[in-house]
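This is what each chain is made of:
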Amino acid sequence: MDFWTTPLGWTLATAGGILLVTVGILISLAFLLLADRKIWAGVQMRKGPNVVGPFGLLQSFADFFKFVLKEIVVPAGADKVIFLLAPLLTFVLAFIAWAAIPFAPGWVISDLNVGILYIFAISSLGVYGIIMGGWASNSKYPFLGSLRSAAQMVSYEVSIGLVIINVILLSDTMNLTQIVTQQGGWIWNWFAFGGGLETLPTIVVMFPMSIIFFISALAETNRPPFDLPEAESELVAGYQVEYSSTPYLLFMIGEYANIVFMCAMISLLFFGGWHPGFPTDFLNDWPEFLANLFYFFVFFAKIIFWFAMIAMVKAFVPRYRYDQLMRLGWKIFLPTSLVAVVIVSAWRVFAVGA
Amino acid sequence: MLQGIAFYLLAAVAVVGGLMVVTAKNPVHSVLWLILTFFSSAGLFVLLGAEFLAMLLVVVYVGAVAVLFLFVVMMLDVDFVRLREGYARYLPLAAIVAGVLLAEMIMISLVVVNGGAASDAVAPATAVDMTNAEAIGRVLYTDYVYIFQAAGIVLLIAMIGAIVLTLRHKPNIKRQKAHDQVNRDRKTAVEVKGAATGEGVTAEDLI
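Residue numbers (the numbering used here), protein chains in the order written: chain X, 1 to 354; chain Z, 1001 to 1207.
Heads up, a few of these hints could be off.
Sample of chain Z residues facing chain X (criterion: CB under 8 Å; computed from the structure) [unchecked claim]:
id : residue
1  : Leu1002
2  : Val1028
3  : Val1031
4  : Phe1052
5  : Met1055
6  : Ala1064
7  : Val1065
8  : Val1067
9  : Leu1070
10 : Val1072
11 : Leu1076
12 : Thr1131
13 : Asp1180
14 : Asn1183
Covered by chain Z, per the in silico footprint, the following chain X stretches (three or more residues, Cβ under 8 Å) [as the list claims (entries may be wrong)]:
id : region
15 : 130 to 136
16 : 206 to 216
If you are wondering where the hints come from, they were derived from the structure by calculation, not from laboratory data. Beta carbons: idealized from backbone N, C-alpha and C, even for Gly.
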């Protein structure tokens, strides 16, 4: 019997995979965080961090040591256990969602057949870290921030869910690997463009849906222009006011991991995942590992593209007011995506060749 | 073996969580324990091979219902000392309710073990290679579609009822009218008043 199929071997292999993904994401995050600040600075014609290391490349590591070496301050009236549990929860939830993300054909920790639902479930849990942190701080600003955040995330989850249903309807599966496999070949097979020439008319629905997904992802991750939970001009720093040192660092890493995760999601669901947008027959002669590596880099490039978009939105767009945020979520996105679900299901039932 | 470990771990967490929901002093802690219990039950569903139900449990109960629970409980202004005082007074009533619930639970489990009232019902036919999302979808949307839709309508009515009961349109309040505000133009928004040079204006002139 093969060692890797025994319980011990399986546990070791899975643990190794988890470690590889987590460490990989953490290291990429260090540079993506810097990229975020550099892009932000570039739009505003500043230089951004440029002191630590060449081009400021080591800035994130310097920040890391700064955070870790500071003192952890726990407010006297705080609920200590929940106060420290909240950032941990945010951090852990941001990383376990990556378990179902396929990086290349077969390169996935857990190839669940309800992969999308799993991801949706985990990201709906993300609100707990924020709400617990805000409450446990026992202070008004954090509490207001966490209440805002809870309402905001619950609202936008609804439209994200409905947008995802469109993709599930077109692809006929909830397994992420299969969803990406269906988007192979030419660029019009991507679900943002309707998912293939036979279903090309659905581009009318699917392309706006990908935009709605992108904007909802901004709201879901509390990014500008929807960063009301931590709006510094109104709430100081929202739910993070009382946090310092490592707990704050965990919050921040969790938040960025969520942002990158949303970039990965939009690439997987709408923009072909690891497929570069043209037939990859020439890869058939390559060894499997190299072919997968090629796919992985395509996927990685897409994640970075979407991350750059999110970073630029931060620099371009002023913050929404809270009632505008709620209006956008409930009165515009929800009806639009609901109508889209009706249209796509009608297409699946009645259209010829679909 | 791994399955066994996972089962006992999740089951133990669910039971301890359930116990802590009742015994925790702070209501917010109770809700958090409740969430942990939901989550472990979802894990148990996964072990049973019902991964679709497990994910729905997390999405609906943990992700939405419990958030609102937490929302409300956090905003309650509870005096814990007074809460303790009522403990002894409500204990007999609570014991009766708990006793009835326990008896019902035991009855249900006995009935289930013996096949139960549904023992002669035909199980819905499912293909072997069908995922359980597909199986549930088939049962809900073909065999029981009318009942399913009726349940949906009941929920819709409940939602409309809640809105009707709470929505008040107060007069004399400025509201945001996005359409009017966006479509404002120079013609309607600006009025140019002539002012003679050297004479100045008073506030009355500008009205």
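Query raised in the report: For this structure, which hints from the list above don't hold up?
Result: 3, 7, 10, 11, 13, 14 and 16
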